[in-house]
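Asks: Here is what each chain is made of, one letter per residue.
Number of protein chains: 2
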Amino acid sequence: MSGEDHGRHMSSEEFRANGKALVDWIADYWDRVENLPVLSRVAPGEVRAALPAHPPERGEPFSAMMGDVDRVILPGLTHWQSPNFFAYFPSNISAPSVLGELLCAGLGVQGMLWATSPACTELETHVLDWMVEMMGLPAHFRSDSSGGGVIQDTASSAALCALVAARERAMDGAASRIGTDARLTVYVSTQTHSSVEKAARIAGIGTDRVRKIEVDADHAMIADRLRESIDRDRGAGLIPAFVCATVGTTSSTAIDPLPQIGTLCRERGVWLHVDAALAGSAAVCPEFRTSLAGLDLADSYCFNPHKWLLTNSDCDCMFVKDKAALVRSLSILPEYLRNHATESGAVIDYRDWQVQLGRRFRALKLWFVIRHYGVEGLRAHIREHVAMAREFADRIRESEDFELAAPVTLSLVCFRHRAGDDINRRLLEALNATGRIYLTHTVLDDRHMLRLAIGQTHTRPRHVHAAWDLVRETARRVA
Amino acid sequence: MSGEDHGRHMSSEEFRANGKALVDWIADYWDRVENLPVLSRVAPGEVRAALPAHPPERGEPFSAMMGDVDRVILPGLTHWQSPNFFAYFPSNISAPSVLGELLCAGLGVQGMLWATSPACTELETHVLDWMVEMMGLPAHFRSDSSGGGVIQDTASSAALCALVAARERAMDGAASRIGTDARLTVYVSTQTHSSVEKAARIAGIGTDRVRKIEVDADHAMIADRLRESIDRDRGAGLIPAFVCATVGTTSSTAIDPLPQIGTLCRERGVWLHVDAALAGSAAVCPEFRTSLAGLDLADSYCFNPHKWLLTNSDCDCMFVKDKAALVRSLSILPEYLRNHATESGAVIDYRDWQVQLGRRFRALKLWFVIRHYGVEGLRAHIREHVAMAREFADRIRESEDFELAAPVTLSLVCFRHRAGDDINRRLLEALNATGRIYLTHTVLDDRHMLRLAIGQTHTRPRHVHAAWDLVRETARRVA
Numbered sequence: 001m002s003g004e005d006h007g008r009h010m011s012s013e014e015f016r017a018n019g020k021a022l023v024d025w026i027a028d029y030w031d032r033v034e035n036l037p038v039l040s041r042v043a044p045g046e047v048r049a050a051l052p053a054h055p056p057e058r059g060e061p062f063s064a065m066m067g068d069v070d071r072v073i074l075p076g077l078t079h080w081q082s083p084n085f086f087a088y089f090p091s092n093i094s095a096p097s098v099l100g101e102l103l104c105a106g107l108g109v110q111g112m113l114w115a116t117s118p119a120c121t122e123l124e125t126h127v128l129d130w131m132v133e134m135m136g137l138p139a140h141f142r143s144d145s146s147g148g149g150v151i152q153d154t155a156s157s158a159a160l161c162a163l164v165a166a167r168e169r170a171m172d173g174a175a176s177r178i179g180t181d182a183r184l185t186v187y188v189s190t191q192t193h194s195s196v197e198k199a200a201r202i203a204g205i206g207t208d209r210v211r212k213i214e215v216d217a218d219h220a221m222i223a224d225r226l227r228e229s230i231d232r233d234r235g236a237g238l239i240p241a242f243v244c245a246t247v248g249t250t251s252s253t254a255i256d257p258l259p260q261i262g263t264l265c266r267e268r269g270v271w272l273h274v275d276a277a278l279a280g281s282a283a284v285c286p287e288f289r290t291s292l293a294g295l296d297l298a299d300s301y302c303f304n305p306h307k308w309l310l311t312n313s314d315c316d317c318m319f320v321k322d323k324a325a326l327v328r329s330l331s332i333l334p335e336y337l338r339n340h341a342t343e344s345g346a347v348i349d350y351r352d353w354q355v356q357l358g359r360r361f362r363a364l365k366l367w368f369v370i371r372h373y374g375v376e377g378l379r380a381h382i383r384e385h386v387a388m389a390r391e392f393a394d395r396i397r398e399s400e401d402f403e404l405a406a407p408v409t410l411s412l413v414c415f416r417h418r419a420g421d422d423i424n425r426r427l428l429e430a431l432n433a434t435g436r437i438y439l440t441h442t443v444l445d446d447r448h449m450l451r452l453a454i455g456q457t458h459t460r461p462r463h464v465h466a467a468w469d470l471v472r473e474t475a476r477r478v479a
Numbered sequence: 480m481s482g483e484d485h486g487r488h489m490s491s492e493e494f495r496a497n498g499k500a501l502v503d504w505i506a507d508y509w510d511r512v513e514n515l516p517v518l519s520r521v522a523p524g525e526v527r528a529a530l531p532a533h534p535p536e537r538g539e540p541f542s543a544m545m546g547d548v549d550r551v552i553l554p555g556l557t558h559w560q561s562p563n564f565f566a567y568f569p570s571n572i573s574a575p576s577v578l579g580e581l582l583c584a585g586l587g588v589q590g591m592l593w594a595t596s597p598a599c600t601e602l603e604t605h606v607l608d609w610m611v612e613m614m615g616l617p618a619h620f621r622s623d624s625s626g627g628g629v630i631q632d633t634a635s636s637a638a639l640c641a642l643v644a645a646r647e648r649a650m651d652g653a654a655s656r657i658g659t660d661a662r663l664t665v666y667v668s669t670q671t672h673s674s675v676e677k678a679a680r681i682a683g684i685g686t687d688r689v690r691k692i693e694v695d696a697d698h699a700m701i702a703d704r705l706r707e708s709i710d711r712d713r714g715a716g717l718i719p720a721f722v723c724a725t726v727g728t729t730s731s732t733a734i735d736p737l738p739q740i741g742t743l744c745r746e747r748g749v750w751l752h753v754d755a756a757l758a759g760s761a762a763v764c765p766e767f768r769t770s771l772a773g774l775d776l777a778d779s780y781c782f783n784p785h786k787w788l789l790t791n792s793d794c795d796c797m798f799v800k801d802k803a804a805l806v807r808s809l810s811i812l813p814e815y816l817r818n819h820a821t822e823s824g825a826v827i828d829y830r831d832w833q834v835q836l837g838r839r840f841r842a843l844k845l846w847f848v849i850r851h852y853g854v855e856g857l858r859a860h861i862r863e864h865v866a867m868a869r870e871f872a873d874r875i876r877e878s879e880d881f882e883l884a885a886p887v888t889l890s891l892v893c894f895r896h897r898a899g900d901d902i903n904r905r906l907l908e909a910l911n912a913t914g915r916i917y918l919t920h921t922v923l924d925d926r927h928m929l930r931l932a933i934g935q936t937h938t939r940p941r942h943v944h945a946a947w948d949l950v951r952e953t954a955r956r957v958a
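From first to last, the protein sequence lines are chains E and U. Numbering of the first sequence is given in the numbering used here, commencing with residue 1 and proceeding in unit increments. Numbering of the second sequence is given in the numbering used here, commencing with residue 480 and proceeding in unit increments.
Chain E on its own, in the form it takes in the complex:
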C-alpha cells in the first residue's frame, strides 16, 4: 500500500475511507431492508442490460461502483436478510459474522495445510470441538478422539465427502485406485435433499443405485422399509454402502428415526451420514436435542451454521467418527506440498478432508459469532424463532380456511388453504407479488402447500403477525 505502487492500488488512506463508508452503507442497508420488496422484481436480462457491455480500460473511483450497487444491483436482489424473508430455509447472518468474514478477507491466508497458516487450522479444530460440547454431540466427533470436525462450504460438499469415505470403506480401501464398484448402493428417503442424489451421481454411483425409501405420515423415513431395501440389495449381490438420514428435511423438517436407522446400519455394516443442515443448529438448546438421539450411531454428521446459527455463508460443520477413513479417501501428497509438519503426523491438513485444495479462514466468523452471543445468546435466538413458528402454527390451527400440512418440529410451518392446489398456487404468487413477504412452496403427498420458514436474524413477532394478516387478507382476495 506504499507510495511505490504508483497510485494504481487503492492507498491505505483510500481503503480506510472507502471501507468505513461501506460499513455505514451496510448498516444503513440492514436498517432499511425490511422496507424493500423482499422478492426482486426484475425481469430476466434487466440487470445485465443496465451494465456496460465492455470492461473499463481505465480504473474507476469506488464511488462509481457503489453508485451502480444502488442503481443496478439492489433492485436485482431478493433480500435474504429481510425480516420478512420466510422462503426456502434462511441463510441468516449477523454483524459479528460479517466482521469475521471481513477479517478473513483482509488477512488473506490459505489454510490448505497446517503449515500454510497454523492458526487457520487450529482455530477451526478448536471451534468445532467447542461445537461438540455446545450441541451435545457424541464425544467421538471431537478431534482428540478417532474423529473430528471440519468446516465444509455446504452440506452438499459434506455429503459428497462422506459418500466418498463410505465408498472407500465399503471397498476395503480399493475405491481410490480402481474406481466405484458398480454394485454399490445408496439409501435416502423420498424427502432427502437432492444434494445426496447429486453426490451419488458425481461419485460415479448413479441414480439407478440410489434407493428412495418410503416415508411415514410425518414424512420421516420408515426404518423397516430401509431394512427391506438393504436386504433385498444384498440378496441380489449388491453392496449397500451409504445411508443418509435427515434431521429436518427440506420440505417439512421431518425427522428420520436415527436410533432405528443407526442400529440397522451398524448391523449391516453400512455408513450412516446424518444431514441436519437446518435443524442441527437447534441442538444448542438441550430441549431440542431429542431428534439427535441415536447420532452416536452415525459415521458422519453435518449442519449449517450458515442457515440458522447467525453465521455467513459458507459455513457447514461436518463431523466424522473415523477421520482416517475420510483422509484415506481424499489424500494425495505431491512433492510441492510436502513439509515437516505434515510428515510429523502431529497436525491436521484440512485439504485432505475436502474436495478442494485451497481453503479460506472460515473459522474466524464462527468464533466471532460464538463469542459475541455466548452459548446462552444462541439458545435464546433459536428459542425465539421456534416460539414464533409455534404461534403461527396456532393461528393456522384456529383458522377455518387453512390447515397445517406437516408437523411443526422446529421453525418451519407447512400449511395450505383448504380450497385446494390451485388456490394455494395463486395465493403464493399473490403474496410474493406484494413485496411484503416472501414464501416458497413444496408438494407433500401430491398436494401443493406453502412453507413459512422462520429464521432470519431480525425476524420478530410483529413480522410474523403481519405475515399472518397478509396471508389471510390475500387468501380472501384470491379465493
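Warning: the hint list may mix true and false statements.
Mimicking EDC-like on lysine to aspartate or glutamate, the simulated pairs with C-alpha atoms at most 16 Å apart in a straight line are [as the list claims (entries may be wrong)]:
#, chain 1, residue 1, chain 2, residue 2
1, E, K20, U, E492
2, E, K20, U, D503
3, U, K499, E, E13
4, U, K499, E, E14
5, E, K20, U, D775
Counterexamples of contact, computed for chain U against chain E with all Cβ distances above 10 Å [unchecked claim]:
#, residue
6, E536
7, H619
8, E766
Please keep in mind that the hints were generated in silico from the structure rather than gathered at the bench. Glycine included, C-beta positions come from ideal geometry on N, C-alpha and C.
Please arrange chain U on chain E, whose structure you already have, making use of the hints.
Replies: Same frame as chain E, now just chain U:
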C-alpha cells in the same frame, strides 16, 4: 438491528464502530505486514493451547476478540499478503476485492437460482463475458454462445465438474443414471496438479485409470506420448474420456502444447480441459497469450483470479464450450426449487454448474477489481511481476553458484544451488527460518530445487532484490 432485539445482537451503532475499527486494523496490518516473520513460528498445538477449552456461556465484547486476534491468531499466521511471500503460488488480494467480499457478506444473498437473487447470477455472467474479452478467450466461452462462464471456488472443483461433464458425454448421457463405466480413462502429465487425480478418485474413476503422460525437457506434456497412450487404451477396449492440459504447471509453470493436444482430442473425441490456474491471469496482456493458442480446441478452461488477479480467494473462473453438457451432468430439480424463471428457460441457474447448491455473491469482488484497476491497471500489474521474475532469473544466470532449473515462462523462478540436493534443502530451511522471506521447494528430474513465485500484490523490485541478497548470503553460510 432494532431495539426490539433486546441488545443481544450487535446494534447498528456498535456495528458501525466495530466495523470501522476493523477496517483500520486491516489497513494497519497491510501497512506493517512486510515486517512480520513471513512463515509462522508456532509449534503444533500452540495456538489451541492459548484458547479457552470451553465456549463462553455469555457474550463477550468485540474488543476481546480482536485482542485475541492480536495475541493468539497473528503469531499463528503465515503471511500470504507479505510482499516477501514467494512460496507456492500467490493468493493475492487487493483493497477493492476485500471491499467486494465485505459487501457480499453484508448483503448475505444466496445465488443458487436466478430467482433467488437475479443480480447475483447476472453480474456473474456479465463479468465472465467481460473476462472472455479481456483475456482474448475463444468466443464460444461467452454466455451468448453454446457455452458460458461460472465462478467456482477453486480449480479443483472446476476440474471435478469438467470431468463429470466429460464422463456424461463419453457415456452418451448415461453416467448420471448408471454410474461410471469402469472402462473410462483420464490423461494428465506427470506435472499436472494433484487435484485432477483427486477429481478422478472422487468421480469414481480411480487412479489406476489415470495415465500420467511423460513430459519433455521443459516439463511440458509430450503430445505424441499422449496419442500413444490414448490409442493403446482404445485398442484395449477402454474409453478415453478426459485430458487435462496445463498452462503453467505448479512445479515450474511449464506450458503444455495446446494446439497438438487439442487437435488430438478432437480427432479422438476426448474432452479437453485446460487448467491455467495461475498463468491464465497473464492473458490480460496480449503478449502473454501465446501459451493459450489452441484454447479454441478445449471443451473447458479455468483460471484463478484468486491467485494472480488481485481477487480474494475463492474465485476460479471456469468456462465451458457446451453448457448443456455441464448442466445435464449436474442438474436435479426437486419440487421445492421449482420456479417460473427456471421453467421459462430464459435464465441461468448456476446451481446446475457446480457441486454445491448454495452460492455466495462472488462476482461482486471480481467486478470491483476490474473496475478499480481497469484492464490497463491489471496489465501493468502482471507485467511488473513478470519483469521482476526475469530480473531475478538474470541474477541466477549470472551467478556462479546457482543455476536455473526450469524455463522462466512467467513469474515463477525455479533455481538451485549447484552443490546438490542437500545444500538446497538446508538453504531453504535456513532462508525460511530468517522470517524475512518464504519460499517453497519442488523436485524436477529427481533433483531438489527452490521455487521463487512472484505475485503478491505489493511485491516491488526492492523485495526481490533483498530476497536475492538473502539467498546469496544464506547460501554462503550454509555451504
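Asks: Please flag the earlier hints that this structure goes against, numbers listed from lowest up.
Replies: Going through the list in order, the structure violates hints 5 and 6 and respects the others.
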